[in-house]
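> Given the sequences, and given the hints that come with them, work out the whole structure.
Protein chains in written order, with UniProt numbering: chain U, 1 to 380; chain Z, 1 to 380.
Just so you know, these hints were derived from the structure itself, not from any lab. None of the hints are false.
Heads up, the list lumps identical chains together, so a pair's fine if it works in one copy or across two of them.
Within a straight-line C-alpha distance of at most 25 Å, the following computed SDA-like cross-link-like pairs (lysine to any residue) qualify:
{"#": "1", "residue 1": "K157", "residue 2": "G39"}
{"#": "2", "residue 1": "K235", "residue 2": "R302"}
{"#": "3", "residue 1": "K235", "residue 2": "A298"}
{"#": "4", "residue 1": "K72", "residue 2": "G162"}
{"#": "5", "residue 1": "K157", "residue 2": "S372"}
{"#": "6", "residue 1": "K235", "residue 2": "H206"}
{"#": "7", "residue 1": "K235", "residue 2": "G16"}
{"#": "8", "residue 1": "K235", "residue 2": "S6"}
{"#": "9", "residue 1": "K156", "residue 2": "R343"}
{"#": "10", "residue 1": "K72", "residue 2": "A331"}
{"#": "11", "residue 1": "K72", "residue 2": "I149"}
{"#": "12", "residue 1": "K235", "residue 2": "D293"}
None of these values were measured; they are calculated from a predicted model.
Residue-level listing of the chains:
Protein chains: 2
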Amino acid sequence: MPFTTSFVPEIRFGEGVHETIAASAHALGARSVLVVIDGFLAAGGLGERLAGQFDAEGVAVAFFSGFAGEPKLAAVEAATAAARGKDLVVGLGGGSALDIAKIAACVAAGADGPMHYALAAHPLPGRPLRKILVPTTAGTGSETSATTIFTGPEGKKLWIWGPETKADLVLLDPALTVTLPANLTAWCGLDAFVHAFEAATNRNAHAGAALYAHAALGLLVEALETAVNNPADRKARGKMLLGACYAGIAIDNCGTAIAHTISHALAGLAPVHHGLATALGFEATLGWLVEADTADLAAAARACGLQDAAMLPGFVADLMDRCGIVRALPAAFAAFTAEDLAREMRAPENQPMRRSTIRAVADADIDAFATSMMALPRTL
Amino acid sequence: MPFTTSFVPEIRFGEGVHETIAASAHALGARSVLVVIDGFLAAGGLGERLAGQFDAEGVAVAFFSGFAGEPKLAAVEAATAAARGKDLVVGLGGGSALDIAKIAACVAAGADGPMHYALAAHPLPGRPLRKILVPTTAGTGSETSATTIFTGPEGKKLWIWGPETKADLVLLDPALTVTLPANLTAWCGLDAFVHAFEAATNRNAHAGAALYAHAALGLLVEALETAVNNPADRKARGKMLLGACYAGIAIDNCGTAIAHTISHALAGLAPVHHGLATALGFEATLGWLVEADTADLAAAARACGLQDAAMLPGFVADLMDRCGIVRALPAAFAAFTAEDLAREMRAPENQPMRRSTIRAVADADIDAFATSMMALPRTL
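As structure tokens, then:
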């Protein structure tokens, strides 16, 4: 079976590697840097420490924290404006900080704004600013993917894709993730798990990406419960971070599947954490999915330490229990019905994930999944 | 344990991907290309076909086949001269073609010749020509490493190292390897096996590179005997090619160890195939090595499908038997003694591999290994 694995950036892993951000930027030839950083991280002393480190390297630095929650167009535009004239962008934080940094670094290399490139309307400029990505949640894997997501002017989820968005250097520091609360650790960890699982088992799956996807499954299964229940465990936090990073490589090559059709459709109705939405969508479809009984499903099950794919639904439900994941949607979903969700699942932007699912997803399946999702309590 | 894994280039794997060389060069923006290609491949019709494909893409192409055996300075200089003014270099052939292509692409970006950069005397120029590497033997892994080796004016093995030498694109086409004779398949395959094994178990070994090293061991163990005994088996050839490529990533990060001290020392005495020399050096030291009984050795054994590291020496000897590897040195070695080999093993350029070995290599060990190597028949 032919395959292509896209390039994998240099990855530095270890306790304290985030202290090398300024020195790494200098080593990459940067003279002037924009750091896109979560506001609470910047305020917590990290911003000040970084400013001192950039100063010591003789590199000019500016900070951008003008965003909250998932990236919105205004934030992406403001970050792009701040990146103009710089030669390197650091993304430091959750998936939003990383996506905003990636977009700003690419878009600032041209004269147009982010909307010019949304949904691949135009190719990205040729020479993006360099990028150092430093995730502080083990989840999206944005640090190793070529994808970015932001909310457009009409509230729709848009994306800017391209190898230009990929990192020059990824720094994985477990120390940055120990303060992540238990529920976010679980939701982000499940998101990463589903990334690895869907990339390893969908119609685009191939041996090249399976190397990373299977490693991710092993690491995440090994560490997730410990990271949730013993947040200071640096070893477990390190495995989560590396697992999410490898899962990012896997989706960079093979994309996702039905669980992401559901989570994106849910987000089209009302705000919900992407990791939680994905976990709930995954649990609701996994029993149906494993009936496909493919070699890839069996291999993914083995990577999780299971004998066969039929054991996966029980295993995942138990893992979610052990990680304290409450099966419920935010209260705002009380305003919507299964029909609303099914309509979103049929929206054009959610079809690629539906089509890449290893089982054909019939219209009746969409309705059944939507019904089962909207039967969840709305209590969050 | 902190670690860094260097960037991994885009890898395209599959039957027939070598037919995309010209299109890939065009897609990388090349207008003028040098193809460094083994003479027998160029003469066998591939050169003509490539010329037509480059012509169809509107890309100017020149060919360089002025080399035989391991790269010598004159060939490296001639290739560099041929690369000047081009914007992309293709390396198509065994490890020598790839190394010459890598050096030419880097050195042609500056005004100096190859010797200016040998043994890291000066940093490589900043903007190397782009590189597409297409291995036709499953062995050196040069397509994914930052290392090149050539013979200097005094007959010494020199190297030019740097991330600048790495490929922009790797094409792995099993179809190109089916004509490799059985003895070369075995020697090159053992070389790749030892790369993966040493990278996974030496003092520089780390979890990031183990991902690739263990995958390589699994693929090579699975396919080597079949590739040797059933040369047309494309599936086995594909596994060998991918395994050697992953082993290249592993040594790019962690380097080698004692078996390579021996093979480089042997090459310092008289010409011998690098893969054979490495295999013989590996067999001569493996029983001693596994006494270290480390977790990394145990993990490498498991990656080979074995229960523990103590089984490795018997397993490797059997594998070499099954692949028909004759334990003998070329006749030219009749002129040398164990003392000669021990002296070469103590040469400064062979100390890094000695020092990275997981067991301390005492002077008495050097003497014992040299004695055991030079007790081999000289009949090849």
